[in-house]
Amino acid sequence: MAELEFAEAIDRALELAMARDERITVFGEDVELLRKRIFLRYGPRRVRNTPISEAAFLGVGVGAAMAGLRPVVEIMLVDFLGVSLDPLLNHAAKLEEFSGGSWNAPLVVRASCGGGYGDGGQHEQCLWGMLGGIPGLAVVVPSTPEDAAGLMLAALEHPGPVVYLEHKLLSEPWLEFLGRGGRDTVAFDVPPAGARGIVPDPPSPTPLGRARRCRPGGDLTIVSLGVGVHRSLEAAEELALTGFDAEVIDLRSVAPLDVDVIVAAARATGRVLVVDEDYIRGGLSGEIAAAIAEAGVDAAFARVATEGTIPYAREREDRALPNTERIVVAAKGLLARPSRGSERPPAEVGNLKAR
Amino acid sequence: MIELPRRCRADRRELFRTMAEIRAFELASGRLWRQGLISGEMHLGIGEEGVVAGVMAHVRDGDAIAFDHRSGPPLVARGVPLEPLLLEMLGDERGLCRGRGGHMHFFAPDQLAAGSGIVGAAASLAAGFAFAAEHLRPGSACVAFFGEGAANQGMVLEALNLAAAWKLPVVFVCKDNGWAITVRSGTVTGGDLLRRARGLGVRARHANGAKVEAVYAEAAEAFARARAGRGPTFLHASCPRIEGHFLGDPLVRLVREPRREAPAMAPDVVAGLAARPGAPVGLRVRALARTSHTVARLGMGQLRPGRDPVARMRRRLGRRSAARLERDAGDRVEGALRRVLEMTGNEGGGRRG
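Residue numbers (my numbering), protein chains in the order written: chain Z, 3 to 357; chain D, 107 to 459.
Simulated from the structure, these hints should not be mistaken for laboratory data. In this text, a Cβ means the ideal position worked out from N, Cα and C, and glycines have one as well. Some clues are possibly wrong.
[To be verified] Chain Z side only, calculated, beta carbon under 7 Å to chain D, not exhaustive:
1) E31
2) L35
3) Y44
4) D121
5) H125
6) G219
Make a model of the complete structure from these sequences and hints.
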């Protein structure tokens, strides 16, 4: 057991895996500085800076993975996948299916994500919903140091491509690099339990696609990930003061999505609130609603997510991202509605019978 | 033969006035950032005043500009009022973009001026502006400002090719400060950028960005060709990056305050060098040498005052003449800053997260 910072936990897991598996290489912009410990330990053959050429070096990662390496490709901010989506969308994600299961591209795309430090809407997106919708791509979003290490280990063992998203509000080096820059005149609402925590030594892999229940509760289920988990836990404590018991589930993986846990929780509490820092439309929260509906569970549903382009102005940004206040308000709205949770016959079956 | 504008000889005082105003604006932005009134990253254009002033002197109404994350200088040079720029960086509703964009996302539709925080985006955007210009504003030209780091982005190379193939009126200004974020560009760049541009069919010229008159002269021809329908130019201008990639750049801090910054890095360095298993000793030493070399190069080159284009121009103009122009520029910026701080209730400086 060791108490580690979030990013420390990721890097230690990576360092450990690199000792066991010589095929693991790390490249991306500035990694020789940002991962200096790993750079100095494993040297410039395995860890190296790239030019600012995301499309090329992500494609290089896919090719290298296909040809036998296990690259960890660092896309500095997930927003920059906008420059370089093709290797991931049209190649890495498709390869297993296209090759009839005979070939795969085991690379990890590590990128920072998320907002809360005033960097504007081009540098603070999450995009996990969009990425998670691509067949053949795994997407993970840790919220604690333990899972940060565990999910990195699991990603490195996964046979296909994994997008590993590191929230900047949890990851002190990113927050320092992009948000603070050595200043003591700025402050950020960093959830302490996410930024620092106990990690087993050695860490063990966190299986992909397995959600974790971090708070039990019978009145309402809050499903979240990343920083949202901590905001939800805070909101749950506030709700407890008014006599409501909220369950909080940390998804940890967007793809594969732990539908079983979500559906079971929806059935048990009959009220589901999704707290998702990513965009509200066409993404994870809608997918969760669909999963619950498809399972035939009739649960009251609401979501707190990012509804538009993230504004630069700090106060506006704080209101745009899911915050504890918004979660509490949405939860109270749900709690005012009757808990349903009753089983309905699946629509398909019903239709068939009607015919 | 391209006919150059009549007054192609630079008005040095006018150019220096622009440079001084940019410098004063950037220093003021730096202060606001240090006070915590500007959040997130803050990329200053200190060191590239000569390049920006020399190019922007040729921009007139109807021309469009696309620029990168060093967004203050081109807009200051364009004559955009300073208050809305400062208010935008403070995230104020009265800012240029109502506080929604911030300094990496300045948009001034009246001047057809647009920024982006995505490295290399300016090149294709400017080519698009140029395509529109052919249809809507014949005889006008478009500028793209980007760095040599961006010259390794596919979209920049694709935009160069497209602009050459379509003979678009674009002036691609590559501000070469030698650094791609924290990486020395030479270590991640193959070949020569001028030849690269020529290989894509784009006329390519170099100017020493420390000499604003040299940039001015090369830009004059580039603009004249663009306006005359003779296609794009790649104008490569070298300049220093005095304040690092952004304020708080860890490498700059390490060079400037080694006794404060080095101890924080030491544990990782020691652990990285000592941990087992790992690379053979030779490779680890090479990695360490590479890192030390990077830091040393930053200390020797970028932060040396001799490369400062504003300081050079001071010498050229004479100290008294330069001081007067700088005082005027400083007064304009400080006046705007004072008004903005009053408007936002930040007279005493402030603290924000």
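Here's how the hints hold up against the structure:
At about 6 Å, the closest approach between the beta carbon of E31/Z and any beta carbon in chain D falls short of 7 Å, and the interface hint on this residue holds. Against a cut-off of 7 Å between C-beta atoms, the interface hint on L35/Z holds, since the closest Cβ of chain D lies about 5 Å away. With a cut of 7 Å, the hint placing Y44/Z at the interface with chain D holds, because the nearest CB-to-CB distance is about 5 Å. A hinted interface residue such as D121/Z counts as satisfied when its beta carbon comes closer than 7 Å to some beta carbon of chain D; here the least separation is about 3 Å, so the hint holds.
The interface hint given for H125/Z holds, since its Cβ lies 6 Å from the closest Cβ of chain D, which is under the 7 Å cut-off. Contact between G219/Z and chain D, as hinted, is not supported at the beta carbon level, the nearest pair being about 31 Å apart and thus beyond 7 Å.
Violation of the numbered hints given earlier is confined to hint 6; every other hint is satisfied by the structure.
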